[in-house]
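In case you want the letters, here they are:
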Amino acid sequence: MAIANYLYLSAILFTIGAIGVVVRRNAIVVFMCIELMLNAANLAFVTFARINGNLDGQIVAFFTMVVAACEVVVGLAIIVTIYRSRRSASVDDASLLKL
Amino acid sequence: MINLALDIGTTAGPESVLFYFLAPLSILASIGMLLVKKAVHSALLLAWVMISLAIFYIAQDALFLGIVQIVVYTGAVMMLFLFILMLVGVDTTDSLDENIKGLRPIAITAAIGFGGLLTSLIARATFGRPTTLLIDANSVGNANAIAELLFTKYVFAFEVVSALLITAALGAMVLAHSQKSRSKFAQRDLSIARFRKGELKDAAGLPGPGVYALHNAVDVPALLPTGKAAPTSISAVLQARGDIIESSQFQLQVEDEEK
Chain A
0 MAIANYLYLS
10 AILFTIGAIG
20 VVVRRNAIVV
30 FMCIELMLNA
40 ANLAFVTFAR
50 INGNLDGQIV
60 AFFTMVVAAC
70 EVVVGLAIIV
80 TIYRSRRSAS
90 VDDASLLKL
Chain B
0 MINLALDIGT
10 TAGPESVLFY
20 FLAPLSILAS
30 IGMLLVKKAV
40 HSALLLAWVM
50 ISLAIFYIAQ
60 DALFLGIVQI
70 VVYTGAVMML
80 FLFILMLVGV
90 DTTDSLDENI
100 KGLRPIAITA
110 AIGFGGLLTS
120 LIARATFGRP
130 TTLLIDANSV
140 GNANAIAELL
150 FTKYVFAFEV
160 VSALLITAAL
170 GAMVLAHSQK
180 SRSKFAQRDL
190 SIARFRKGEL
200 KDAAGLPGPG
210 VYALHNAVDV
220 PALLPTGKAA
230 PTSISAVLQA
240 RGDIIESSQF
250 QLQVEDEEK
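Read top to bottom, the protein sequences are chains A and B.
Just so you know, we're using numbering that gives the first Met the number 0 here: the first sequence kicks off at 0 and counts up by one.
Just so you know, we're using numbering that gives the first Met the number 0 here: the second sequence kicks off at 0 and counts up by one.
No lab work stands behind these hints: they were computed from the structure.
Where is the CB? At the ideal position from N, CA and C, for every residue including glycine.
Hints should not be assumed to be uniformly reliable.
Stated by the list, open to error - Simulated coverage check for chain B against chain A, where a stretch passes if three residues somewhere in it have a Cβ under 8 angstroms from a Cβ of chain A:
1) 15-26
2) 60-69
3) 193-199
4) 216-224
Put together the whole structure using the sequences plus the hints.
Here you go:
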């Protein structure tokens with residue numbers, strides 16, 4: 000099996016995550032799809048680290064995990080705040096700026 | 000055209016078995032994530048994808064990242080997701096019908112184009128040199144080697160990330176904090192409110208739930224002297240849920256005997 004297969008898997012997972020962000024309407028599911036995209040990018044980083052024979056890719060993946068954790072904390076707090084004022088977690092209901 | 004991607008090396012047999020077993024499962028799980036209706040099910044499928052990615056990391060000599068993936072992602076992040084799902088309401092069913100017309104076909108077409116572009120790029124990519132794998136880099140142990148890099152070459156990024164973590168924690172506290180517009184009612188306030196209500200019927204408090212010889216629980220209404228059940232004697236939550244037992248069955252059947 001070629002090592003590049005991991006890169007194909009990463010590309011497919013990233014694409015599926017991107018579809019989910021566009022198609023799903025529940026804000027939490029949209030958020031989980033973003034997590035899926037970040038994880039797919041991490042897999043690519045780890046594979047590139049292996050291909051290049053040094054650990055820099057793994058360090059970048061580690062930093063991605065930390066940033067993703069911060070993003071989850073702030074994003075979920077925003078979702079809870081929106082839910083508290085609107086009683087809905089659908090991304091379509093937050094349309095106050097729409098004409 | 001020579002496919003240069005093949006030059007970057009192949010894996011040993013067991014790893015390819017692992018890959019061909021887990022990769023289709025993780026792709027299926029992530030597709031299922033888009034198709035299932037309930038957000039909790041998507042969260043569980045995403046946890047499955049994350050665990051299989053952790054196994055891939057460990058298979059690719061990234062032992063530290065694999066463990067961190069399980070501990071941080073499937074442990075902390077997914078639990079946070081489930082926690083917020085329970086808080087925001089599990090029963091807010093996410094309808095899968097599209098409300099922007101033509102969004103779904105456009106999204107899927109664009110995604111297939113994007114995925115095709117990515118995969119064809121990977122297929123044509125050349126990595127310049129033959130792969131050396133991580134045997135040299137991991138000679139002192141994966142976690143040790145990562146720690147060495149993290150605290151020498153990347154120490155500035157590490158400090159910046161720690162500032163980011165603190166900022167995120169503060170931001171979450173600020174966002175989640177909600178100021179109460181009035182103080183909570185104390186017993187004194189409730190008592191004053193009862194007496195100022197106009198009629199003094201409930202001034203001594205609402206009646207307690209029924210206590211009978213055969214049944215003694217909060218789900219049975221008390222009986223009024225007239226023989227009717229007192230609706231105010233049980234909690235409004237129980238009434239809304241319909242978890243009420245008829246109190247008439249515990250009533251003394253005097254009238255029937257007199258007849």
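Here is what the structure says about each hint:
1. Restraint check on the segment 15-26 of chain B versus chain A: 6 residues with Cβ-Cβ distances below 8 angstroms, three needed, restraint holds.
2. Coverage of the segment 60-69 of chain B by chain A holds in this model, with 6 residues showing a Cβ closer than 8 angstroms to a Cβ of that chain against a need of three.
3. Only residues whose beta carbon comes within less than 8 angstroms of a beta carbon in chain A count, and the segment 193-199 of chain B has 0; fewer than three means the coverage is violated.
4. For the segment 216-224 of chain B, the stated coverage by chain A is not satisfied: 0 residues place a CB nearer than 8 angstroms to a CB of that chain, which falls below the threshold of 3.
Consistency with the previously given hints fails for numbers 3 and 4, ordered from lowest to highest.
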